[in-house]
Every structure is written in C-alpha cells, then in structure tokens.
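Respectively, the protein sequence lines represent chains A and B.
Residue numbers for the first sequence, in the numbering used here: 37 to 822.
Residue numbers for the second sequence, in the numbering used here: 994 to 1460.
In short, the hints are calculated from the structure, not lab data.
Among these hints, one or two may not hold up.
Stated by the list, open to error - 20 Å max Cα-Cα, derived EDC-like pairs, lysine to aspartate or glutamate:
1. B:Lys-1229 / A:Glu-795
2. B:Lys-1438 / A:Glu-129
3. A:Lys-788 / B:Glu-1405
4. B:Lys-1101 / B:Asp-1443
5. B:Lys-1438 / A:Glu-728
6. B:Lys-1221 / A:Glu-728
7. B:Lys-1229 / A:Asp-552
Said to hold, decoys possible - One-sided and incomplete, this derived list gives chain B residues near chain A with beta-carbon spacing under 10 Å:
8. Thr-1098
9. Asp-1354
10. Gln-1440
Bear in mind that the values here come from a model prediction, so they are computed numbers and not experimental data.
Backbone N, C-alpha and C define an ideal beta-carbon position, used for all residues, glycine too.
Each chain is listed here by its residues.
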Amino acid sequence: MYLTRFLWIFLCSTKFVLGEIDFNRDIRPILSDKCFSCHGPDEHGRKADLRLDIESEAKSDDLMAIIAGNPDESEMIYRIHSDDEDELMPPPEIGKPLTKKEKQILEQWIKEGAVWADHWAYVPPVDHPTPEIKDMQWQTHWIDPFALSDIEKRNFRPAKEADPVTLVRRLHFDLTGLPPAPEVVQSFASDPSDKSYSRLIEDLLDSPHFGERLATYWLDLVRYADTVGYHGDQPHNISPYRDWVIQAFNNNMPFDQFTREQLAGDLLPGSTTQQKVASGYNRLLQTTHEGGLQLKEYDAIYAADRVRNVSEVWMGATVGCAQCHDHKYDPYTIKDHYALASFFADLGDRGFNGNSLPTKRPPEIQIFTPEQQAKIDQLTEEIAQALPQEIIPQWNALENNHTEFSSQLRKARNNRKDRWKKKLAELEPKYLELTDQATIDRYRALVGKKKKVENQGIWTMVSRAVKPRTMRVLPRGNWMDESGPVVLPSVPEFLGSIQTDNKLLTRLDLANWLTDTEKGIGLFNARVLANRIWYLLFGRGLAPDLTDFGGQGTPPNHPELLDRLALSLVKKNWDLKAFIGDILLSKTYRQSTLPPAGEFSFQVARRLPAEFVRDNTLAISGLLVPTIGGPSVKPLQPAGYYRHLNFPQRTYEADKGEALGRRGLYVHWQRQFLHPMLKAFDAPSREECSAERPQSNTPLAALVLLNDPTFLEAAKFFAKKITSEGGSSVEERLSYAFQHAVSRPPDTFEQKTLAALLEIKEPTTETDWTPVARAVLNLAETNLRR
Amino acid sequence: MNPSLLANAINRRAFLAGSGLCLGSAALNSLFARDVAKPNFLLPKAKAKRVIFLCMAGGPSHLETFDYKPKLDELHGQPMPESFTKGQPIAQLQGKELKVQGHLTKFKKYGQGEQYVSDYLPWTAKMADDISIVRSMVTEQINHDPAHTFMNTGTAISGRPSMGAWVNYGLGSEAEDLPGFVVMTSVGGRNPQPIASRQWSAGFLPSKFQGVEFNSTGDPVHYVRNPKGVSASHQKKLVDAITALDRHRNQAINDPETDTRIAAYEMAFKMQSSVPDLMDTSGEPQHILDMYGAVPGDGSYASNCLLARKLAEKGVRFIHLYHRGWDHHGGLEKYMGQCCQLTDKPTWALIQDLKQRGMLDDTLVVWGGEFGRTPMYQGKGEIGRDHHIKGFSMWMAGGGTKRGFGYGETDELGYHAIKDKVHVHDMHATMLHLLGIKHEFFTVKHQGLDWKLTGVDHSHVIKDLIA
C-alpha cells in the first residue's frame, strides 16, 4: 500500500518529466493559484489592467506580459525572477511565492510557444481514440486501455485482479452498502467466472438496496436533513423526498429527468404527486426560525445557499464565490450569481413560522402509502354514494356553513363561543329537512373514517411557484444595499444562454439547460457526474477535486478517460445502472488494492461510510430490518445530547422495536447535533453540499464501536446467533463468526487470539460469546471496503 | 504557505493529489495533534500557548458591564436620535418605537488602570488590573446562531472550521491522551439560546481537530464508559485482542490506515480512564473548590472554570466554555444578577488560579458574547435590551496581553464603536498573533480557495493590546 501511494504520487508529480507541457494540466493551475486573484476575472481586484485568464490580453502588445517563444522579453518572466521586492511577482506580501519548478515550467512554456487552451472543464468532452497498449489482455473492455496506457507509459504493470472473496464483498458494499450473505460469497468463490460475475452485478443493480446506496451519497450532495439547521434546529417535514430519491435510483430514472423533477417537479406539465415531492429539493436548504430575524437578510442568505448548492451539485462549480464580487478564478461574475439565484425567486420560502415541532414550512403536501390511498379512494367513493344525488347541492351548502361555524368556534374567545355553538345547533334541523338521521349518521361516520386515514399521511415540503420577488445584484453581498441592478433569471454568461422568446425563464428551463447536451451544459455536467460515480467505485475521482472543476480545482489525472466516461453516460441517455454496470465489468474496477512493487492499482481500500458501518454491524449480527423508506428513525443516543437545543427544548426519545434495526440513511438527521455515531465516522452535518467525505480514524470512533449500546446490542445478538447457528465446537463457532463478518475463515493466530477471549473452558451461552462477537465486529477488516 | 507541508494534515485527497513529501504520514501522525516541521505561518516566538475562551452566550450588555456612558442616563426615556439608528440592522425592535434606556446599574473606576466596571461584576472589578478591556468590538451578524458562527469561524456560512480547530491545526496539541480542543457548557439566566455543535466543528479541516464536548453529567465523553457489566480488565483484554488481530491481518493487507486505527483503539482505551479522572474534581483541595464556588459534578460554570484549569495543565490547546443565559431582551436587571452571580466569581477564580500557578503568562483568556445589546429599551417582560452589533465589549487576560488596560471607545450612547474599532477578525488576528501565528499566512486550501480564519478583507493584529 505504501508503494501504491508512492507510485500514485509519482504518477501525479512526475508529469513534467514526460516533456511536453500541457496548458490545462501544467500552466493554468499556476496562473490561477498565483496570479488570477489580481490578474483574473474579478474586475474590481484587477491590478495594472492586466488579465492573465484571457489569452489575447495576456499576450497583448501593450503590456508584453507573455511573448510567445521569447521568455527573455516577456515581462512575466522578468517579474517572477526579479530581485526587487517592488517588482517581484507574485508580490511577497501575498505570501504565495512561485516555486523554482513553477518558474521553470512557465519559462519553458513560453519558450515552447506559450500554447493556450480553453479550460478543460469548459470544453465538451472529446471522443478520444483508444490508446495503444502492450498488454493484450487489457483490450477487452473499452475503459481498460485508457487506464493502462498511463501505467505502461511509466513502465509499470497494472495490479492484478482481486481475489473472488474481495470482489464479491466489494460489489456488495459498492452497490448496496451491505455485506454479502455467506452463501453468496461461497457460491461466487466456487465459480468466479465472468458469467457469474456479470450475474452478480445484475442482481445487485436490481436490489432495492441499490437505491439506498446511491441515495446515501446524493443526500450528502443536496444537503438533505430532518431539521432546519439554524438556531432552534427544529425538525421539518421532508422524509418523502428521501424516499423519492431512493425509488428514483431503484427505478433507474435517467439523470436528466431526475434533475428536472427535483429542480422543477412542480412546474412539469401535469405534475404528479411524486414529482411535487421531488421538488422538495428546493426546500432542503438551512432555514432559520429565530425571532428577530430580518426577512430581507434571510432572503439573501437563502438565495446564496441555493446558488452554492445547485452549482456545486450539478456543475461542480463554486458560483457561490461570486456572491460578493466577480469570481476570482473562474469567469463567473457577480451578476451571474444573482441571475442564477433569480431562478429560485419564485419560491416564497420566507422567515419565521413559529417554534412548533415539527416546524411549519409551507407549502407542504401530504403523502399516503398505497394502502392509505386505496382506503381514501374507497371512502371517497362511499361518501359520494352515501347521500341521495338530488340533495347534494343543498347538503354541500350546509356543510360549508358547518365548516365555517366550526372554525369560528375554534377561534372564538370564551364568551363568544356560545354564539357559534348556537349557530351550529341551528344547522341540525336543516340537515334533517334533507334526509333522515340514519343517513346523516352514516355519512358522518364515513367522513370521520376518511379523516382518520388522511391524518396518517406524512407531510413533506414541496416547491410551489409564486410571483417572483425582485432580485437585485447585492454589491459586496450586502443585503441592505439596494443600489444594484435588477436581474432576471439567466445562466452564467460565458456558458451561453437559454432561448427565451421574451418569457421569464423558470426553474424548469434551468433544469433542462443543466442536462441538455446540445443547447445546454449537459456535456460538461456529465463529466462532473461521471467523476463522482468513479469516486464511489474506486475511492478517488479521475479529477481529484469533486466539487471544483474550475481553475482552482486540480485538473484530471486521466482527462481522456474522464471525457470518454462522460460521453458514455450521455450516449446511454443518463442511464445510471447501465453506466455503473459497464464500469464494473472493466479489469480496472476489478484490480486488487494490494499491488506489489512495480504494479499500480486504481482501486483504493477505504473504511465504510458512517451509515454502512452501522448497517454492516446490524446485518452481520442479524438485527438489520431491511425496510425501505418511511419517516426517519431514532436509534439509541446518549442522554442529554440535545440539551443545547431550545425553542422549544427537546428530549430525545429513542424509537423502540424494529426501528432500532433500520439502516443508517434513515437515522434522524439533526443538523446541529448529528447522531454521535454518524458524526464519529465522518458523516457530514449536511449544512452544505459535500461530495467527498473525509476518512478520519479517531479514538471517538473506536469508542463508538466498542461501547455504543447499539453496537453492544448487535454483538449480543451476534453471539446468540453464533451459539445457535454456528455449530457446536469452539472452532466451528469461531469460523462461523469470521465467515459472517469478513467472509473468510480465521487462521490459526486469529483462532487462538479469539479463543483467549472465551473466559471459560466450555463456553455455551450468549454471554460467554459476546466478547468474541464484539472483537469480530470491531475489526478493521470488518469495516473495510477493499 | 508551502502547500506540501500542509498537504499532510489536510486530508487524504490532498495527500494523494498534492505532493510527495508526506509519504506514510497518516500512521505516524499523532491522533489529535499534527506534526509539521515549521510552517511559514509561525512567528519566531509565541507569547501564549493556549486559549481559554469564556463565551457568555446570548450577548451580555456592554452597557451594564464595561461601557459607561453618562449621556445614556441623561437621555433616558427619550426617543433614540435617528442619527444613530438610521439604516442600521435591527433585530427584534424592527418597526418598534426606539427609546433610550439609561444604565441599569452603577459604574466605578477600578485598579491602577482606572477601568470602568459595573456593580454587577464585583469580582471582575477586583481583577481590573489583570485584564485588557476592549470597548469597541464590532461583528457582522445580529441573530444568535449566525453571530456565534461568525465569532467562532469568521464567517456566517456553515461548514468552516472554528477557531479552536484552526489553532490545533496550526500548532498541534500537547495533550497526550486528551483532545486538543475541548468544549464545556453551562446554563443559567434568561431563555438559554440554543448552541449548535457547528460552533466547535472542524469544518473542512480533518475531524481530529474538532472540538470534543466534555459533559458534566452522564458520560463525560460519549461512549467513554465501559458497557454495563464489562470491567476495565475485560475491556482491556478485548482492546488488546482487537489490536492484535488488526496488526496481524495488516501484515497481509497492508493498509496504512489500520496502523492509525490500532493507535486510535489504544488511545480510546486510555481515554476511558483519563477523561473520567480528569472530570472528577472531588480531589481538589477545599480552598480551591471554594475559591471557584464549585461543587464537584454540579455542571456549573464554576466547575467548568475549574476543569478548564485542569485541562490547561494537561496541555489542551483550546478550551471553550459557553455559559447560556445572557439573552436579556427583558428582565435585564434580574437576569444580569443571575448570570453575574453564576459567572463573575468563578471567572475571577480562574484568572487567580492560573496566576498562582504561573500559567497566566502563557494562557490567553478571552471573555465576551457573540454581540452586545442596544442602548435602546426593549420590554419583553421587564426592561431589557435587544441584540447589538455595532459596538460592544470583550476582555482578554494573560497570554502576553496588557494588564489593567482599556482599548477603544463607542460613541456617547454606546451605539457605534468610534475609536480603535476591533472587528471580530481583528480579535482573531490578535489571538493568533499571541499564539505565534501570522494570520495572513495561516491558510488552508478548500474548494480552490485559500481560507483564513481572519477572512478575505484586511484584518489587523491589535498591537496596542500586547504587552
């Protein structure tokens, strides 16, 4: 592994040895990091009227900053070498000196003709020809030659295929986030042919847990959480959105449609309930319910939040940086920022709605399970039949009065109540004029029944367009400054425009533009998505920076492969299952994470994400409840953890029974106080978009696996399983425990070490075996995806 | 700064994409600390080694603590002159009549430095010559949650590291079996405002730099106690077995993270005894307990101050105490009385205790809220004051700051800081400077930008505050 890393760094840092300078790979990162903040896109910060982000200006005859082919005459080269502190570039006070190597590269580049290229992420992906490779075995899958050619160029060999047990575990964790059942491991290990490998992939892509696995990642990106985030951090109604995401992945909804429904599900013609649920995406941002908030301040905060998220999620861009000024490194202007924000100006998401639990954030709609819906439909039908048709108009008139008076009665103060009670009583004889008491009673019973079912529905926030508020550019991001120009919805100028026919653009236009590969930036965004999926399957992106494809992001290490993947995604019409399934068939995916010296692997071993650490333990122990979807659940949690919450104060009540065995992605996501287990294993608070989780390794995480009651409970349950199903001898049982946790039998050392935990000679009970169960569940290997 | 030196600490991504200088470092890194040769953000010498930040959460009134304005009493009850308030952000008083509210207490001058301190703070008054009072603080956020976030991270946008995480990232920790950034809270006063764990988040820094909350009731750290029925010796046996098995298997799978993990398990086991021991103050001599007014295990601010001293002795780099109860929109007199009664003496005791142990010289203590309170009247219940961000007071003590010193001024009604304004970023810059960090070079790359605790605009070290 050390060697792999060494090699990886070597591959990334020795690019210059290869000779040819590539502008995007070698030059732009230097210019961007060291020069653009004063000589870049931001008009206000610009010095000496010099731009180095635009070729014609950088090479203009006026300033002679860069004279192609002639470093000695180029002002830039003179300045970067100057001994005079006043002349030296970058100025020493900025604290970003050029390294010797960077100076050499700039010089060499100018000498070679200062060849310029557009930024790699702003040009469409190219259908690069398959590179020549030596190892013919690597020619069967189209991805492999691209991966191999770089390795071969450096005289390395590709890492071999991982062993079947590792592969079957890898596929399960990558596609479902759950460990394989021992039978599945055994069956694949006994026939690890290409055919059974493909069948395994098909099965896993069809698994209902596939949607859960991808949703776990998507929810990080869109910052899905169960609470509002600011101040009192009250719960809000949104879990049906999470379930929609899971189902969308399970149903393999094409990514362009997936995009449309989230950004603009409410605007689609004939919008279905589920599409409205999807439009809950626009409501996922953090909101405040703090008294004394200034509405206009939060209008600005929410607008900026949405711009940050939509640009990071779909474009891999940091348009959020243009909130106060033109972007320092990328061609986004401050106007672009507010014009993008304008798309969301039709969402009347404003201000303070009190401190109820859950808080009320209209518009919300109610969602019913199919069973509930069937019951409602049936009751509606029965109610319609309950009265003679001819009396219905008069009946409805009475009902309207009844509703009105009842509502008045509820609102009335003490001494006024009598008035409304009297009015209601006066209505009764009028009903009897229409029909007999039995019919009335029957009708009312049905209505009561229907209401009862309706009350069981879950609420969820949705988008609903209102008259858009006026959106202005806020100079320096200051919401109190109203001097900026009014802007209408439009896309960042340098990326083109959307045909409007003089109509106001909507969120739907934006969604279409984001994925339209001809008139929009779908081809660019395909790269962003392809790179993230690659990261999920390999452990690192082909472009290492998953959220910044701009000038400050690190350019891709394998740009040709990334281009081809993006095109493949588009050619497959954004079919994610097909796209993923295809990658899994490559040899590159199947590489071992343990290459010996001289070999290189694209695969990186990594600890399971927080939710899967939980799921894995529950699955191994047999406690997992694999139900899909539903309201969020509350596992056991240390007492008093919510004591800093207020408005209102809260005590956490853990769920009981089955809810305690639900998967991690259903755990109540309290933004301010995320469950300590999830937090210890690096799950993000979801206040902002996160495309890549850190992988920490702390004592706090160790304490969770050792002492969290959920994990202890699982260990006890596992111990019970070991004693009841694991055979009779100590050896058989140890083997059973190991097979379930790490899919292999223990070796002699492992047997001996575990057996030493059994305190008595003839261990029989669950209690005797609990230390062994705890040890096995705590192992690094148990929680590792290799 | 030299990115190759930092790459090591940032994260795996930077590690892999950055440079070749950090090979194998993951396993060698201390679990809470970080070892870096000598990055270029370090000054040749540091005056302070650690920080104890006493956050009076809710926003104490500067007009009832340190900022005496005779004119305020003179205009009491009259409409607030519009020249002060026009175009200014306002919280709960939006659209309300704005009236001047005179001081609700008396002020006297104390110490050789002749610093004004109010009658609410008799113990602080006694130590007027130990502290430097800043009366010209300004912040940018007028609501509690974002104002705390701003005070702690230098921005109101979530997801950035808090100052304790920054400081640990920059300097590492000297504590062997404790986190380098510890947070403790207490409650008492009016309507305790919520406080989010975001306030001690590591943001985009590695999570080992995040603040760890030590609880005064229940488990001092989550899951630090053995499960019921498991003795320390059983737990030890288990941890030994886990680490032995991991070590054994790692000979075959060779994952460097596993080495770190083994160390994490060993440290976790040590913490299982070191943390409860530390949190137990019953072994302190009675006169020390009395000095603070602490009763072991009561979860009070007094106990937290005593624990802060113990943590400081153990080498914890950043100790952050929150006392929730200072949001005095109404009943200000009553609640100031409560809050000061709970915090004034323990704060004094902490300073004296550090002093008598020779630790005040290298411990920077900072006292203050997320903002101050309006010179205008608010009447939620009895007389109170609304949130105020254009001028308020904080103080610093020890760690190389001046003693018995006053800095900055607000206008005649205590509204705007008019002389020697100290922005939150300037406070951060000064704190970092005392810790031996050049704030303008103390950056971390995230999403392509070089982030600083002290923000984008030019921030200043307040040299006048430094002894």
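Okay, the hints, checked on the actual structure:
| no. | hint | result |
| --- | --- | --- |
| 1 | B:Lys-1229 / A:Glu-795 | holds, 14 Å |
| 2 | B:Lys-1438 / A:Glu-129 | holds, 18 Å |
| 3 | A:Lys-788 / B:Glu-1405 | violated, 79 Å |
| 4 | B:Lys-1101 / B:Asp-1443 | violated, 46 Å |
| 5 | B:Lys-1438 / A:Glu-728 | holds, 15 Å |
| 6 | B:Lys-1221 / A:Glu-728 | violated, 37 Å |
| 7 | B:Lys-1229 / A:Asp-552 | violated, 59 Å |
| 8 | Thr-1098 | violated, 24 Å |
| 9 | Asp-1354 | violated, 30 Å |
| 10 | Gln-1440 | holds, 5 Å |
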